[in-house]
Amino acid sequence: MKRMTSVLAVTTAAILGLSACGGGSDPLDSSSPAASGSASSGGAVVIGSADFPESELLAEIYAGALKAKGIDASTKPRIGSREIYLKALEDGSIQAVPEYTGALGFFYDKAFAETDPEKVYTSVQGLLPAEFAMLEKSAAEDNDSIVVTKETADSQQLKTIADLKDKAGEMSLGAPPEFKARPQGVPGLAKTYGVTFGSFRELTGQALVQALKNGQVDAANIFTTDPSIAENGFVSLEDTEKLFGSQNIVPLVVKDRSEELAPALNAVSKALTTEVISGLLKQTVTDKKDAKDVAAEFLKANNLG
Amino acid sequence: MIASILEWLTSSATWSGDSGLGARIVQHLWYSLLAVAIAAVVAIPLGLWVGHTGRAKWLVTLANSLRAVPTLGLLFAVALWLGPKFSSDLAFLIPSVVVLVVLVIPPILSGVYAGVEAVDPAARDAARGMGMRGMQVVRQVEIPNALPLILSGLRSAFLQVIATATVAAYVGLGGLGRYLIDGIKTGDYVSTAGGAIVVSLLALVVDGLLALVQRAVVSPGLTGGTVGRSRRGRVLPEDTTATGEARERAMDGVRGPAGGMSEVGGTVDTPKA
Amino acid sequence: MTWVNDHWGDIFTLARSHVWLAGVPLILGLLIALPLGWAARRWSRLYPVLISTSGLLYTIPSLALFVLMPIILGTKVLDPVNVVVAMTIYTVALLVRTVADGLGSVPDHVLQAARAMGYGGLRRFFGVELPLAVPVIAAGLRVAAVSNVSIVSVASLIGVPQLGNLLTDGYDRFITAEIIAGIVACVVLALVFDGLILLGERLLTPWRRAQVVRS
Numbered sequence: 001m002k003r004m005t006s007v008l009a010v011t012t013a014a015i016l017g018l019s020a021c022g023g024g025s026d027p028l029d030s031s032s033p034a035a036s037g038s039a040s041s042g043g044a045v046v047i048g049s050a051d052f053p054e055s056e057l058l059a060e061i062y063a064g065a066l067k068a069k070g071i072d073a074s075t076k077p078r079i080g081s082r083e084i085y086l087k088a089l090e091d092g093s094i095q096a097v098p099e100y101t102g103a104l105g106f107f108y109d110k111a112f113a114e115t116d117p118e119k120v121y122t123s124v125q126g127l128l129p130a131e132f133a134m135l136e137k138s139a140a141e142d143n144d145s146i147v148v149t150k151e152t153a154d155s156q157q158l159k160t161i162a163d164l165k166d167k168a169g170e171m172s173l174g175a176p177p178e179f180k181a182r183p184q185g186v187p188g189l190a191k192t193y194g195v196t197f198g199s200f201r202e203l204t205g206q207a208l209v210q211a212l213k214n215g216q217v218d219a220a221n222i223f224t225t226d227p228s229i230a231e232n233g234f235v236s237l238e239d240t241e242k243l244f245g246s247q248n249i250v251p252l253v254v255k256d257r258s259e260e261l262a263p264a265l266n267a268v269s270k271a272l273t274t275e276v277i278s279g280l281l282k283q284t285v286t287d288k289k290d291a292k293d294v295a296a297e298f299l300k301a302n303n304l305g
Numbered sequence: 001m002i003a004s005i006l007e008w009l010t011s012s013a014t015w016s017g018d019s020g021l022g023a024r025i026v027q028h029l030w031y032s033l034l035a036v037a038i039a040a041v042v043a044i045p046l047g048l049w050v051g052h053t054g055r056a057k058w059l060v061t062l063a064n065s066l067r068a069v070p071t072l073g074l075l076f077a078v079a080l081w082l083g084p085k086f087s088s089d090l091a092f093l094i095p096s097v098v099v100l101v102v103l104v105i106p107p108i109l110s111g112v113y114a115g116v117e118a119v120d121p122a123a124r125d126a127a128r129g130m131g132m133r134g135m136q137v138v139r140q141v142e143i144p145n146a147l148p149l150i151l152s153g154l155r156s157a158f159l160q161v162i163a164t165a166t167v168a169a170y171v172g173l174g175g176l177g178r179y180l181i182d183g184i185k186t187g188d189y190v191s192t193a194g195g196a197i198v199v200s201l202l203a204l205v206v207d208g209l210l211a212l213v214q215r216a217v218v219s220p221g222l223t224g225g226t227v228g229r230s231r232r233g234r235v236l237p238e239d240t241t242a243t244g245e246a247r248e249r250a251m252d253g254v255r256g257p258a259g260g261m262s263e264v265g266g267t268v269d270t271p272k273a
Numbered sequence: 001m002t003w004v005n006d007h008w009g010d011i012f013t014l015a016r017s018h019v020w021l022a023g024v025p026l027i028l029g030l031l032i033a034l035p036l037g038w039a040a041r042r043w044s045r046l047y048p049v050l051i052s053t054s055g056l057l058y059t060i061p062s063l064a065l066f067v068l069m070p071i072i073l074g075t076k077v078l079d080p081v082n083v084v085v086a087m088t089i090y091t092v093a094l095l096v097r098t099v100a101d102g103l104g105s106v107p108d109h110v111l112q113a114a115r116a117m118g119y120g121g122l123r124r125f126f127g128v129e130l131p132l133a134v135p136v137i138a139a140g141l142r143v144a145a146v147s148n149v150s151i152v153s154v155a156s157l158i159g160v161p162q163l164g165n166l167l168t169d170g171y172d173r174f175i176t177a178e179i180i181a182g183i184v185a186c187v188v189l190a191l192v193f194d195g196l197i198l199l200g201e202r203l204l205t206p207w208r209r210a211q212v213v214r215s
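Residue numbers (the UniProt record's numbering), protein chains in the order written: chain A, 1 to 305; chain B, 1 to 273; chain C, 1 to 215.
Take the hints with a grain of salt, since some may be wrong.
What the hints assert, rightly or not - Restricting the straight-line Cα-Cα distance to at most 25 Å, the calculated cross-link-like pairs of lysine-lysine (DSS-like) are:
1. A/K159 / A/K213
2. A/K242 / A/K67
3. A/K67 / A/K213
4. A/K288 / C/K76
5. B/K85 / A/K288
6. A/K69 / A/K288
7. A/K87 / C/K76
8. A/K180 / A/K191
9. A/K150 / B/K57
10. A/K300 / A/K270
11. B/K85 / A/K213
Unchecked claim - To give a feel for the contact side, a few chain A residues facing chain B, derived at Cβ under 8 Å:
12. E83
13. E118
14. P176
15. K180
16. A181
17. P183
18. R201
19. A207
20. N214
21. G215
22. Q216
23. N266
24. A267
25. S269
No lab work stands behind these hints: they were computed from the structure. Cβ atoms here follow ideal geometry from the backbone N, Cα and C, with glycine treated the same way.
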């Protein structure tokens, strides 16, 4: 009995020791910022991110800029899709997250129809829950797009999404799973363009790029800033009807911290353009650099970090 | 929540179409069957050979250590590696099946090996004394005697593969995993829960069917007192319900002959009392 | 290898969370499975019920269990407790039967001898039955440990970081070295757990070592 207890104790201690030796950031420590509920102003700030590289990179940039202003900021990368990280923002697990104006509009209003960047921004302000606040949007835009390979574009004579109308039935579309259900996704393609693909394959990230390249899908829903579009000579089909609206990068924060976070994050928004974010993304996705390092270089170059 | 899950499960919209529940179940079973079939072709002869000759027991240990490989990681690695090599949908199917095969080789191999190894040496000697040779001993004595453990290995393989075939959805395939992943991605937890329930039910139904098969094919000479007489040295209380027994035996494979990582099979049999 | 060399810090941090998320449920699961397993032995009608229930629990896909935890527990979506509770459920599911069978493997004559020596009730359980059942329980615990380490990696799909993040990030950015590093780290961790349990088993069963030495 004694032996039993002591061995149990030793094992427990070993596991605790092994996991505690790196400092106080163990995941079960309820006093860590990640678990401490909606912290009122002055405390630590956790920047969440979606599970794709650009969002992770932006979260690192936000956190770095906040730290430079003396705010105790950390990141919570790869939380998941919008449906999940907004829940985390709501329950206080995170205090800020990089977002896209139009996507927020579609999220809170299924019939959202604004496409002009300014109008999108102002009308989304009115749609947000009371406890959230959008800071200033950046000029940088990362929109959804439908891309095909150069060969497909040439052989099928595709320039715009509308050109797919009579051909999509024979084609397969690869896209993240959420694209199937979102109003500006598969349903939107059908409603706005009358385009319905013959089959749908749920893929994300570089796996989707590879699938398009290798011919497992004929068209793919890839973000416009994705460096693999240029690298592989993919053709982005023009969204003539503005189905995907405007998707300016914008910090979404909890309202009770917005004043405190605004100076640093608005400065970041000011420094971001579509070319800048595409260039940075190329470094993490193509050159496989760490988001943290790329963010630090960007902040330094812009006197933000 | 429970009401909406029930509604989801019984709604005809859920079931119909190419991406309906019916089609997803068929896909799910297809991946599972394919994986178990391939694994069985590899693991059954191997297990018979190791058990029969007593050689290369490290193979069983090696197979068991495969259990430590995270399924998700293996899937991603194989998908990255093989993806560009195929231009058809095989690029998604092969990685998923490879991962599932790796997952179910250990329980099948351990079951076969433990079954053959546990055959009473006296029975083997008697067979030899009757003039039987190597393969004859294997076919007429060892396999029939080992059948209960071979089958529980297979049943445990099926339970695991059905619960895990959901991973195929990570790399763009169908199956019931679609409900889990798509549900999470779109915040539709009702279909996530519904999908999970269907996975569990499917596992139980398949296991129940295999239990019936097991009952039908195992020699009546073995069913009565096997458990009591075998080397496991434990007598289980009678369990009268078919499904109860089904699961109980199936878990055997998950935990029993499969054993720990660094010992050859049968770790659970070891208390030398 | 360069990727690994540049990221030892990250790997270590993630491994630490992984140890927590896989290890704590192992201990909690064992603590819960002990009384349940004992009850299954004590009241034989409970046995099939407990075994069936645990078999059923084990078939629930981990991703679904992780995601549904906040709804069931009322916790926050990113709370690591969700993973710990889910993993504890799996551990209990694996261990209840092991504990029950382990206790059942203690021969009757030993129990009778213990009773004759005046051991009764709790004292007999902790002093005789449980120590003798250690080998069987340890074997089950090893299976649970290895399975936990593997399953926990799925938690990166619900935003709880651990070694699985190397897998998902590596897949998203096509960094093979990162995926391989994640796999190897998981296997190493599983081996460490396995070794610790083996060690604990040896310490708890000195009589088995004595046998080995003599033979």
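These are the hints, each one checked on the structure:
With a C-alpha separation of about 18 Å, the suggested pair A/K159 and A/K213 falls inside the 25 Å cut-off, and the hint holds. Of the pairs offered as hints, the one joining A/K242 and A/K67 is violated, with about 38 Å between alpha carbons and a cut-off of 25 Å exceeded. The hinted pair formed by A/K67 and A/K213 fails the criterion: a straight-line CA distance of about 40 Å is larger than 25 Å. Under the criterion of a C-alpha separation no larger than 25 Å, the hint pairing A/K288 with C/K76 is inconsistent with the structure, at around 32 Å.
Of the pairs offered as hints, the one joining B/K85 and A/K288 holds, with about 22 Å between alpha carbons and a cut-off of 25 Å not exceeded. The straight-line distance between the Cα atoms of A/K69 and A/K288 is roughly 28 Å, outside the 25 Å bound, and the hint therefore fails. A threshold of 25 Å between alpha carbons decides the hint, and for A/K87 with C/K76 the separation of about 9 Å falls inside it, so the pair holds. With a C-alpha separation of about 13 Å, the suggested pair A/K180 and A/K191 falls inside the 25 Å cut-off, and the hint holds.
The suggested pairing of A/K150 with B/K57 is violated, with an alpha-carbon distance near 55 Å, which exceeds 25 Å. Taking the CA atoms of A/K300 and A/K270, the gap is near 15 Å; set against the 25 Å cutoff, the hint holds. Only pairs whose Cα atoms come within 25 Å are accepted, and B/K85 paired with A/K213 is accepted, the gap being roughly 11 Å. Interface restraint check: A/E83 against chain B, minimum CB-CB distance 3 Å, threshold 8 Å, status holds.
With its C-beta approaching chain B no nearer than about 29 Å, A/E118 sits outside the 8 Å limit, and its interface hint is violated. Checking A/P176 against chain B: minimum C-beta separation of about 7 Å stays under 8 Å; hint holds. For A/K180, the suggested interface contact is upheld, since its CB lies about 7 Å from the closest CB of chain B, less than 8 Å. A least Cβ separation of about 5 Å between A/A181 and chain B falls short of the 8 Å threshold, and the interface hint therefore holds.
Because the closest C-beta pair between A/P183 and chain B is about 12 Å apart, greater than 8 Å, the hint is violated. Taking 8 Å as the C-beta cut-off, the interface hint given for A/R201 holds, the closest approach to chain B being about 5 Å. Evaluation of the A/A207 hint against chain B yields a held restraint, the C-beta minimum of about 7 Å falling below 8 Å. Among the interface hints, the one on A/N214 holds; its C-beta lies about 5 Å from the nearest C-beta in chain B, closer than the 8 Å criterion.
Nearest Cβ of chain B to the Cβ of A/G215: about 5 Å, under the 8 Å cut. The hint holds. With a cut of 8 Å, the hint placing A/Q216 at the interface with chain B holds, because the nearest CB-to-CB distance is about 6 Å. Using the Cβ-Cβ criterion of 8 Å, the hint placing A/N266 at the interface with chain B is not satisfied: the shortest such distance is roughly 29 Å. A least Cβ separation of about 32 Å between A/A267 and chain B goes past the 8 Å threshold, and the interface hint is therefore violated.
Checking A/S269 against chain B: minimum C-beta separation of about 27 Å lies over 8 Å; hint violated.
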